[in-house]
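Trainee: Residue strings, one per chain:
Protein chains: 2
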Amino acid sequence: MKTRAKSALIMAPLLVIVFLGGYFLVAGVVLLTVFALREFCTAFGEKKPARWVLWTSLCILYACFFIPGFDSFVLFGFWLFASLVLCFLSMFAVEKRDLAQGMTTILGVVYIIFLSFHIVLVDNAYGGSDIVVGVFRFSGLDSYVWLIALAAFGTDIFAYFTGKAIGSHKLCPSISPKKTVEGAIGGVLGSVLLCGLFGYFFIPGGLATCIIIGVLGGIVSQLGDLSASVMKRKIGIKDWGAAIPGHGGILDRIDSVLFTAPLVFYVLAFTEAFGSL
Amino acid sequence: MKTRAKSALIMAPLLVIVFLGGYFLVAGVVLLTVFALREFCTAFGEKKPARWVLWTSLCILYACFFIPGFDSFVLFGFWLFASLVLCFLSMFAVEKRDLAQGMTTILGVVYIIFLSFHIVLVDNAYGGSDIVVGVFRFSGLDSYVWLIALAAFGTDIFAYFTGKAIGSHKLCPSISPKKTVEGAIGGVLGSVLLCGLFGYFFIPGGLATCIIIGVLGGIVSQLGDLSASVMKRKIGIKDWGAAIPGHGGILDRIDSVLFTAPLVFYVLAFTEAFGSL
Numbered sequence: 001m002k003t004r005a006k007s008a009l010i011m012a013p014l015l016v017i018v019f020l021g022g023y024f025l026v027a028g029v030v031l032l033t034v035f036a037l038r039e040f041c042t043a044f045g046e047k048k049p050a051r052w053v054l055w056t057s058l059c060i061l062y063a064c065f066f067i068p069g070f071d072s073f074v075l076f077g078f079w080l081f082a083s084l085v086l087c088f089l090s091m092f093a094v095e096k097r098d099l100a101q102g103m104t105t106i107l108g109v110v111y112i113i114f115l116s117f118h119i120v121l122v123d124n125a126y127g128g129s130d131i132v133v134g135v136f137r138f139s140g141l142d143s144y145v146w147l148i149a150l151a152a153f154g155t156d157i158f159a160y161f162t163g164k165a166i167g168s169h170k171l172c173p174s175i176s177p178k179k180t181v182e183g184a185i186g187g188v189l190g191s192v193l194l195c196g197l198f199g200y201f202f203i204p205g206g207l208a209t210c211i212i213i214g215v216l217g218g219i220v221s222q223l224g225d226l227s228a229s230v231m232k233r234k235i236g237i238k239d240w241g242a243a244i245p246g247h248g249g250i251l252d253r254i255d256s257v258l259f260t261a262p263l264v265f266y267v268l269a270f271t272e273a274f275g276s277l
Numbered sequence: 001m002k003t004r005a006k007s008a009l010i011m012a013p014l015l016v017i018v019f020l021g022g023y024f025l026v027a028g029v030v031l032l033t034v035f036a037l038r039e040f041c042t043a044f045g046e047k048k049p050a051r052w053v054l055w056t057s058l059c060i061l062y063a064c065f066f067i068p069g070f071d072s073f074v075l076f077g078f079w080l081f082a083s084l085v086l087c088f089l090s091m092f093a094v095e096k097r098d099l100a101q102g103m104t105t106i107l108g109v110v111y112i113i114f115l116s117f118h119i120v121l122v123d124n125a126y127g128g129s130d131i132v133v134g135v136f137r138f139s140g141l142d143s144y145v146w147l148i149a150l151a152a153f154g155t156d157i158f159a160y161f162t163g164k165a166i167g168s169h170k171l172c173p174s175i176s177p178k179k180t181v182e183g184a185i186g187g188v189l190g191s192v193l194l195c196g197l198f199g200y201f202f203i204p205g206g207l208a209t210c211i212i213i214g215v216l217g218g219i220v221s222q223l224g225d226l227s228a229s230v231m232k233r234k235i236g237i238k239d240w241g242a243a244i245p246g247h248g249g250i251l252d253r254i255d256s257v258l259f260t261a262p263l264v265f266y267v268l269a270f271t272e273a274f275g276s277l
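Going down the list, the protein sequences come from chains A and B. Here our numbering is used: the first residue of the first sequence is 1, the next is one more, and so on. Here our numbering is used: the first residue of the second sequence is 1, the next is one more, and so on.
Rather than coming from a laboratory, the hints here were simulated on the basis of the structure. Be aware that one or more of the hints could be misleading.
Copies of the same chain look alike in the list, so a pair counts if it works inside one copy or between any two.
Result set (DSSO-like, lysine-lysine): computed pairs, CA atoms no more than 27 Å apart in a straight line [what the hints assert, rightly or not]: (1) LYS164 x LYS178; (2) LYS164 x LYS96; (3) LYS47 x LYS238; (4) LYS234 x LYS96.
All values reported here derive from a predicted model rather than from experimental measurement.
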């Protein structure tokens, strides 16, 4: 528990990054993505993805994002098409590469690069009040990016303690033997509680949206966790890495964030489109 | 050769569909996609994708497309996120499914559903003069969708005959032993010729764009062909299917189209954005 507490401190800089928002957050997300990709590649051993494709795909995505005034749908489609073509090109070295490697490369592109990019999208579109200090703009405390973290980590923590306290019915023993139904429900309630409190104090006008995000985020957060468990179990590893003592790798830490980030973005985008954010 | 000629007739209805455009083309593309997905699934044998994920992903994509007035970037991102979550959900049956199956499912989503959808995108945005007959609107002969077919099949045919006539330097014997450098160059020239003629007669204002598409289309068309060869070689099959006698399966016929369709769409979108279509 002491190691875990120490490791939690390592995550503290992330809070500062969410507060700062903008380019700081982009830099932070890129850094996290790079570390996650490295762990992802290492974990696959022999069947490891083509690294150069992943790095190029990452560069294209963020370069597209910074072209101003362009239809983002076109850029986004272009990025996925270009990444896919690169994946295939990497397979042209037929003697060297397996079909599985082509597929793990595509998985790296969509699972890590695409999903983590939604943190940037949320900050960009729903990044809060933009506190201006000199030439800098900060996202501040009313940025919706906080919900990504609150839903993910709130679910994690509440599920853990609820499961410990009253857990008795196994949730899905074949994937994750320790998880219980009670823990899962506690996790969702915890996510709703934290997201609701956040909405109440920082975005009163969007309280209903925050609560909806709390419910759905609590669910997909656990799906994200279980999805990672399935992959790790199939690869035959316990953790993706060992970057954070007591917590496994970076990717182990953000597996639920990879699912809550898109969820937050699409709930906000749909709410905005249907007129009641 | 006689079987091939007969089979070419089977492809004729596709010409009518391109001419009609609109909902007819959507229906045609969906049908092609469904057949291609079926062949794709069958080809993988034991490691076959989760079919229900592919069907659901296809439905979500086309449903999103028909929501009017919505930011297509959001819908598109949502579709990819939802498809990815479904892929992972299909893996939750850990005893039943392999990691490879999760990855072939994702490959099916991006390689077949995503790429073939660009035919609809081209028709939707650059579908020609919209001939109105009663309640119907037809895309006609000046639809840019024709370029998708001209680049793909033009390259194919010209590469084949140039290679036969003067081919001597092997292009990439480890992937496709019969292909020659001369054939590849002839293919690109053929694509430029056909796309150029098409532009000259039907879209004079966009002749330069048509020629650019001819050049790039001639290249990516062959990359599409080689990418499919790599996959088939790795899986250990010669053809994806046997739907069209003498031509293999539907997927064998459209493997270059899967690459030229996005190319045509992004070249047109970029040209439009930079102001000189």
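Trainee: For each hint, tell me whether it holds in the structure or not.
Mentor: Status of each hint after checking the structure:
1. LYS164 x LYS178: within (10 Å within a copy, 64 Å between copies)
2. LYS164 x LYS96: neither (48 Å within a copy, 30 Å between copies)
3. LYS47 x LYS238: For LYS47 and LYS238, both the intra-copy (17 Å) and inter-copy (24 Å) Cα distances are at most 27 Å.
4. LYS234 x LYS96: both (23 Å within a copy, 12 Å between copies)
When each numbered hint is compared with the structure, a violation occurs for hint 2 only.
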